[in-house]
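So the sequence shown is numbered by numbering that gives the first Met the number 0: it starts at 0 and just counts up by one.
Think of the hints as simulated: they come from the structure by calculation, not from any bench.
Each residue gets a CB set at the ideal place from its N, CA and C atoms; glycine is no exception.
Be careful, since some hints might not be right.
[As the list claims (entries may be wrong)] Label-pair distances were calculated between CB atoms; the ranges are: (1) Asn492 with Trp444: 36 to 46 Å; (2) Leu44 with Glu154: 21 to 31 Å; (3) Glu496 with Ser435: 25 to 35 Å.
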Amino acid sequence: MTYTRETTAGQQEMLAVRHRRRYRLCQVLTILGVVFLGAFGGLSLVNGAYFLGSILMLNALVGLVNLYILKRTGNVEYAARILSGILFILSMSLLITGGKSNTGMLWIYPIVAINLFINRFWPAVFMFGIFSVASIALLFTPLASLLMTSYSFIEAIRFMLTMLALNAICLAALRSEEQAYQTIMQLHDDDIRKLAYYDTLTGLPNRWSFKTNLKRILTRAKKDKQRIGLLYIDLDNFKQVNDQHGHEVGDRLLLKFSERLWEAIRPTDQLLKPQPESLARLAGDEFVVLLPNIKEPLDASIVATRILEIFDGGFKVDDVTHMVYASIGIAVYPDDATEPSDLLHQADVAMYDAKHNGRNGFRFFTQNIAETLRQRQLIEKGLRLALSEHHFFLVYMPIFDCKDNTIAAVEVLLRCESPELQGIGPDQFIPVAEASGLIKDIDLWVINNALQALLILQTEHKFKGKFCINISGVELHNEAFPAKVKHLLSYYNIAPESVELEVTETAFVAGDVTCVETLKALNKLGISLALDDFGTGFTAFSQLIHYPADCLKIDRSFVNDLFSEREARNKMVMVIQNLAKLYGLRVIAEGVENEAQLAYLKENGCDWAQGYYLSRPLSWEDLLVLLNS
């Protein structure tokens with residue numbers, strides 16, 4: 000919603016309140032006027048004052064018509080003008096006739112006061128001016144011959160001075176009321192403007208305000224031939240803070256970050272002179288920084304480095320230090336884009352590239368990054384289509400027991416035959432699925448279909464081995480995942496002991512409480528857990544005890560280097576096997592491609608092995624043939 004629409008809505012609400020007040024006032028005063036006019040008009044006619052009585056009765060009739068129009072149309076302004084005219088005519092009639100027993104002047108004072116208050120300030124001034132001129136003409140000029148009564152000079156002077164004082168008081172009160180109303184409207188407009196243009200949490204300009212400022216700044220930069228840097232900042236791990244500690248803690252963290260961010264872009268040895276418009280919060284944990292008139296792109300990288308430094312030591316909220324980091328994308332005008340929307344988009348693209356390449360860093364926009372993003376978007380589109388049109392299928396990789404070469408387990412592997420994903424394998428589309436959030440649906444599809452297949456193997460083919468199913472590391476932060484797995488196991492009546500879930504070692508983060516708790520919940524179901532590609536990640540061997548793992552899968556790269564001249568590499572298999580024995584874990588070697596490798600693994604106590612030398616991934620039909628043979 001724009002500022003203009005918000006302001007209009009607020010003004011309309013306040014105008015509606017004022018309209019209802021004036022409507023009620025006009026209605027009540029008109030009713031009272033009709034009653035009094037009718038009563039006094041009737042008395043005047045009875046007492047022989049036919050001229051005054053006729054005027055009063057005629058005004059009473061006009062008042063009734065005015066009530067009808069007000070009720071029918073609701074037009075307060077029109078009704079107020081008619082009522083004002085009635086009161087003006089009544090006042091002049093009382094002045095001309097003198098009223099009953101020459102008391103007309105006394106009735107004029109309240110009538111004129113009422114007439115002033117039903118008008119706005121300037122119409123009231125105009126009406127008082129007309130009445131004053133008419134009164135002076137009737138009291139102090141030859142037009143006095145029109146009067147049906149007589150007034151002494153003292154009475155006339157006293158009347159005019161009293162009217163002047165009365166009207167001054169009434170007009171001052173009316174003016175004060177209108178000024179108060181205008182002040183309220185201005186304050187209301189200021190509040191609406193803040194809501195429309197500024198973030199309520201941090202007080203920074205919001206997306207709408209930033210886009211307006213960006214357009215203006217780029218127009219000025221084009222005229223002055225300046226270079227503008229745009230930094231797009233997205234916080235890493237912020238969602239985890241919200242999920243674990245609540246949104247209130249997350250909000251306070253964002254507030255602390257925005258304060259540090261402002262300090263970071265205006266240091267004492269600053270490269271630039273930022274204005275309040277240079278910083279904005281676009282949404283959630285997304286912020287932008289504008290760097291006006293930079294000399295070269297390197298200036299932007301210096302500021303980006305300063306921003307990354309504010310994350311050193313984390314953010315302390317409620318005596319808890321939260322380790323949050325940032326990914327920053329940088330785009331430069333006019334080098335990367337000349338239009339505001341394009342420049343913002345390029346910086347956003349560069350930020351996502353920084354996030355996909357290790358996080359806690361910055362990236363400049365390049366065409367290669369844009370092409371990579373375009374490829375990711377195509378893959379994401381293909382994945383969505385594959386899910387909706389059932390283009391996914393499973394293949395099965397037998398895992399053999401090293402002791403007797405029997406099939407001890409089967410690893411389930413995901414494949415896709417979507418036309419949009421031709422030539423794109425799981426190593427390419429899985430990261431995209433994780434980044435887009437589609438991986439949760441894909442993981443459930445894999446588990447669901449794998450358990451269906453396992454049920455058939457167990458009931459119809461007497462299969463006694465395990466089914467090893469790969470899951471994404473994203474599921475380790477999905478608290479609902481263990482419950483969903485439990486539901487599927489129950490639905491297919493599969494014993495948990497016959498299922499093993501494989502998670503790559505790189506998915507683990509030291510000290511990640513949520514990750515460990517999810518693993519424990521899965522392990523509690525009776526499912527065994529395997530650390531896939533072990534040795535390629537950063538899990539310290541001493542940390543292994545904290546993970547409820549049952550199996551280590553030696554990465555194929557170490558198996559390939561068994562007979563390498565690099566001593567550190569060819570000893571890794573032995574180191575991992577000794578480590579597994581120490582912790583009582585089963586060992587599976589991946590990527591066995593020749594007899595020598597298999598012999599070495601058997602000789603050194605490897606439990607299970609898989610690889611193209613033993614069997615390639617099989618279709619469902621080929622798996623059944625192999626098992627039945």
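Evaluation of the provided hints:
1. Taking the beta carbon of each, Asn492 and Trp444 are about 20 Å apart, not inside 36 to 46 Å as hinted.
2. The beta-carbon spacing between Leu44 and Glu154, approximately 27 Å, falls within the hinted interval of 21 to 31 Å.
3. Range check, Glu496 to Ser435: about 34 Å between beta-carbon atoms, so the 25 to 35 Å window is met.
In summary, the one numbered hint that this structure violates is 1.
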